[in-house]
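Given these sequences and hints, build the entire structure.
First to last, the sequence lines map onto chains B and S.
Following my numbering from start to finish, the first sequence increments by one per residue and tops out at 431.
Following my numbering from start to finish, the second sequence increments by one per residue and tops out at 1485.
All clues given are correct.
Using 30 Å as the maximum straight-line C-alpha spacing, the simulated BS3-like pairs for lysine-lysine come out as follows:
no.	chain 1	residue 1	chain 2	residue 2
1	B	Lys375	S	Lys1414
2	B	Lys387	S	Lys1430
3	B	Lys394	S	Lys1473
4	S	Lys513	S	Lys579
5	S	Lys1414	B	Lys410
6	S	Lys698	S	Lys1450
7	S	Lys962	S	Lys539
8	B	Lys338	S	Lys539
9	B	Lys315	S	Lys580
10	S	Lys731	S	Lys751
11	B	Lys293	B	Lys239
12	S	Lys485	B	Lys134
13	S	Lys731	S	Lys1004
14	S	Lys771	S	Lys731
15	S	Lys746	S	Lys777
16	B	Lys376	S	Lys1193
17	S	Lys1456	B	Lys387
18	S	Lys1456	S	Lys1168
19	S	Lys981	S	Lys698
20	B	Lys67	B	Lys52
21	S	Lys746	S	Lys731
22	S	Lys1193	B	Lys395
23	S	Lys1360	S	Lys1385
24	B	Lys318	S	Lys579
25	B	Lys387	S	Lys1193
26	S	Lys1193	B	Lys410
27	S	Lys1006	S	Lys768
28	S	Lys660	S	Lys962
29	S	Lys1456	B	Lys394
30	S	Lys506	B	Lys356
31	S	Lys584	S	Lys595
32	S	Lys1430	S	Lys698
33	S	Lys1450	B	Lys395
34	B	Lys275	S	Lys506
35	S	Lys1414	B	Lys413
36	B	Lys49	B	Lys356
37	S	Lys1385	S	Lys1430
38	S	Lys513	B	Lys305
39	B	Lys387	S	Lys1473
These aren't lab readings, by the way, just hints derived from the structure by calculation.
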Amino acid sequence: MLKTLSLIFILSFSFTPVIAQENAENGKALFETNCVSCHKLDKPSIGPKLRKIRSKYEDEWLLKWIKNNVEFRKSGDERAITTYEENNQAAMNIFANLTDADVLDILAYTDTEPEVAEGPAVSSEPTFFNNYTKYLLMIVALVLLITFLILFRIFKELRTLRRKQEAEANGVTYEQAAQSWWSKNKEKFIIVNPTITVLAGVTGFAALIFVPWFFWFGINKVGVQQGYAPEQPIAYSHKLHAGELGIDCQYCHSTASYSKSASIPSLNTCMNCHKGVQGTEADGDNINPEIAKIYAALDYNPEGKPGEQYGPNRKAVKWVRIHNLPDLAYFNHSQHVKVGGLQCQECHGPIQDMEKVYQFSSLQMGWCIDCHRSKKIDVENNNYYEKLHASVKKKLNSVDSAEYKKQYFKDGKIVITPSMNGGLECAKCHY
Amino acid sequence: MTENKKYWKGEEDLVRDPSFIHSAKNEFSEGLPLEEVLSEDDFELSSNRRDFLKMFGFSVTAVALAACNKAPVRKAIPYLVKPNDVTPGVPNYYSSTCGYTGMPIEVKVREGRPIKVDGNGRCATFGGALSVAGQAGIFDLYDNERIKKPLRKGVDSDWATVDKEITTLLTKISAANGRIALVSNSIHSPSTLAVIEDLKTKYPTVEHINYDPISYHGLIEGNNLSFGKSVIPSYHFDKAKVIVSFGADFLGDWLTAEKFTKDYTSKRMPGDDMSQHIHFESNMSLTGSNADIRYPMQNKNQGMLLISLYNEIAKVTGSKQMAVAGQADVAGQGVSKTAKALIAAKGNSLVVCGSNNPQYQVIVNAINMALGNYASTININNPVNLYTGNDETFNSFVTDLTAGKIDGVLFYGANPVYSHPNGAQIKKALKSNVKLSVSSSISLDETSNSCQFVTPDHHYLESWCDYQPVGSTFTLGQPTISPVFDTRQMQESLLTWAGAIDAYSENTMKDNGIYGQEHSVSPFYNYIKSKWSVTDKEFNTYLHDGFVIKDTPTISVPGMIANTDEIASEIEKSKSAADGIEITLIEKTGMLGGVLSNNPLVQELPDPISKVTWHNYIALSKMNAVRLGINDNDVVNITVGETKMVLPAIVQPGQANGTASIHLGFGRTVAGKVAKGRGENAYALIQAGAKFNSYVVNGAKVEKTSTGETYELARTQTHHHIEGRDIVRETTLEDYKKDNRAGNRYEKPELVSLWYDHDYRKAGAPNHLWGMAIDMNKCTGCAACIVSCSIENNVPVVGEVEVRRRREMHWLRIDRYFTFNNVKDVNYKEELDAVSKMVPENFEPKKLTREKALEAIDRKLAKDENAGYEHFENVSVVHQPMMCQHCGSAPCETVCPVLATTHSTEGLNQMTYNRCIGTKYCGNNCPYKVRRFNWFRYNDNSAFDFHFSNDLGKMVINPDVTVRTRGVMEKCSFCVQRIQSAKLTAKRENRSLEDGDVKTACQKACPADAIVFGDLHDKESEVTKLFHNERGFAVLEELNVKPSVRYMTKVRNI
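See the structure below:
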């Protein structure tokens, strides 16, 4: 009874601060005014990352630390001193103005789950995880397991059958033969240590499921870099240029409509505008540091005579390549942009919203094929397809085949997808 | 005619050598080394399960680890200031001139690096022909063994130091009145010649000596003796009705062979207009292999044969005969028959001679005069300037140099230490006798290695130049890449030393544009412009076109001034009486006598006749070989006077009895790793006479080495053998005139297919259906297509060892078949009867096929010792290019377990490398044996240290074609990258695809226009017309695999 009571007491005590009304929303506001200059939720900044910080420290400790960490350290708290050491002795500000409730609100905010971003997960490294494959693999594993069990059963039955025949040939019954065999070989099968046997069984079973799972998982994701968003040497914002300023993609990626490569613009293209535009209002009279990188790369001297403004000490800008198609696949931008009339966004995603460019599509062959099956070739307006168009038209008029019409005729228009015109054949892309 | 002919690829094929049959049976000469593995001591079959688990575990772990690996970070580096005319991903084409062959070319440039060279078809003088050397020469630009900066006494130096020292020495020597020789390969560039004049003005003791390793002195001097003009005239093979050649390999390496091929084949269409080609020669040359009638001859009889031919003609025309005691002829009354043919075509014939003896050339000129050819087929007023070397001048230079009479030597490209019979003396003199020696070679060679200074020249693709290959035609060369190394064009070096460079250093391209791009202007560019004295606009037009054709000088008949009687009697007196074997020194296709011997493509190119790669050899006639007890690959000692040489031997059908031949261009001692120490230097055998250098060596002793040593030559001749099936078809013009299907009338087997015919193959389908037609009457077997294909499709070079193992990677090969000519004593009918009688009664089928019977007769002939093997010198040859036939019902596609090879709706047999797992089933199942397996990774592999294994060499790779890795099959793709690109261009330009928009690499390179490619669904296309030609046949049509390649029956004008 005493035990129970004391337990209740302890529990009620420990939950008291939690029961107090915490406001994560208020916490967010406070976080953004007070903490954000040194802390981020999911990434270490000047200070450590703060998401789920409560799992590491209890509230009482945190309250003391946040409000006046200097005092706290002076009090001789060991953990406080270690924390200070661990973070390179970077002194944290004193927040005496914050009430306990305020601090708890902030902590509540750090407890929230990260918001799920729309679109694919963004990371600076190639990722290789998705749910679809996971379920698929589980099914595959299950099927394999069932097959294994069935085979095992069949094998066992066959063995029994054979032994029966052997026993009959020796003139004894199967049971007799089995018994005499067992008495001879019993020793071998005595379970030495049941724990080991169980462990071995579990490991074996796990291996049976996970080995194929890893195998499939591995081969399917090698080299796929969807979501890849590396740091670039110049923090160029597509969101600003393509989104807010509405500059046409092909102003910079000018070769997209007549070359294999859309090409990263040469810096002299940047200079068409940035000879004049040297920064935003926020930069005041200073040259924006990112724009200054362009000037540095070109060794730009605005005072120079026309034609001699780019100096001799130029330095190449080494962008990190995001879209890496393997060498074995041939892709031509002009085929898709000029002939196919595709918008850049259909493959590259909401580029006009990207502060930092990431790989939107998986660039796997299945992804290519999907499009080749569904997009429409503009047979009516391109004379190259004249013969194809005429032939399909003729056939639609002459053949009274519902099947044919269903295939080539949709919404009163002739529809021919690349796949209907050999767009799925290997040597269209692999040579 | 084919009815009485049996074709064979080599002697082992003819006699059905058991080891050959064994190896020919398998597509791959070596199986997997299973037995070796199984016989290993620790290998137990019972441990299979464990091994399996080990492998399984390993592969799972490997894949899991690979999946966890971070992908490598790749960089993309754009231009800082993009040149206006460069678009990444789009090739630019520039007109230029091939520095090796003097032909106008078009250079394909991707992102500032040339990746392919083709002939410039707009230039009518040469018709866009480009030879093997012209195609392959681009590799030398990217040779990482080029000299990277100027050398002073073999040590790296810099231009300022070298220039200062050379100028000082030149001034000193010149002031002391010492002789300075500028030894160059023949220069036909007007501006370069002007630069040399500038040098002479500054240093009056400079003398310029032109030097050709393969000399045309005889031809030039012959014309000087005959007409007082030291020139090589223009020959017009397209105007000749009868062509007679005495040892001139005018389709192979003689003069502008690529242009001659174009002209020659234009007159080879069967019909009344078809020319007749009669060939006399000792070795079997490419030209001889194309002759309608070929007479084997010993070169020592050549003079007398020419005189006899003249006299035969004079007899008929009634002019005065040359006074000689004897008459000469070859077996089969060749001379008198030839005389008759020539007279019948009087005024429209052409006689050429490859000899370097000026006196022979005088007789040839006399024959052409007598036939009135100077009014039609020979234009002496429009000379060929490609070769101007004079043996007399050069030999006296060597004498003077050895005697210490010359104080300074400047070598401009020439490498006489290697390519002159007295090279050793030159080398010694360079080391001890001269005060100044400079060489401008691109890579270190025998001569530059002996010089004090090496001032490396640009490759021609980095240089500005103008040329005048033929009197009427000027061509321009422009750089297509920035200099790769710290090299300098020799013309600029000469201008610098002449102190004239400053006048031309002004940057005339002031208009730098708003982007501030720097145009560095070559002083020699300014120099050329100043010499041409034309407006900028005109000059740029010439540069764009690549050539200017001035008015062709009209043909006029020159007057003969030589005393032919005197010359004839001298020839008669000087006839060699030496015993022993007569050796002719010949060129290896594309090697330019050693200039391109460090080029892996040229080394790996099978010789069109012997099909030997990577080495030179002595080719003996069967008769001599049997008498000397020599077999293929036996190493033999060759002794000519004092000179000794050790080379492997081959038995060459067609080699005249009593003669032998050796390729020049091998045996380099100072060269890149590809050429160095490969074969023997046959230049040492040349006999440098007072009047001319003779490439025919008499009285050679050839014997087997005492140890019985052998050297296995890497020879492709019987690789990819097709089991004696009916592959080539041939007829005579006479028969063809009677029946256009002559030689092509075969009982068509009933064609039943397992498969339904696809819609896309049916007439009227809206898709393209690609097809190729190859005219065997035009194909000369010159191999330019093989090189072009290899460069376009990134085909790796595999090296000598791998070729020996039948693993050459060429997607396109040229099959060469021999067949016995008029074997005198064989009555085929009787023999056939005899053979049929040998068949036992119960033999099923009762009748032997005619083909099998012929094979038996030929086999008997081949082994007939009583016949003395003399008939082996008289064979004729058929060349057949063979590549993937893109079968409509392809046998390879049905056996691929992973669907890596599939068919497209455009009729292409597609090969998907990324799917291929290398079972090689397809290669086994291909009736044409055209699939190649990648046994190794040929790039970045020190075992295959050719161009693909270093960063510079890789710059020649075509970025539109995958570089294949090991373990996959590959084969001709019909240049699918070109098809796709042409289609895309048409789509972008909103038009339909025209015939001729797609030209495959082989088609573009073919100087004979023998290959035609196009859309078979286009009724008007050239290829469709050829597919309906009566001469057309598909190889192995009876298999009903529906090949997309058709060949045209060969018609001989006999």
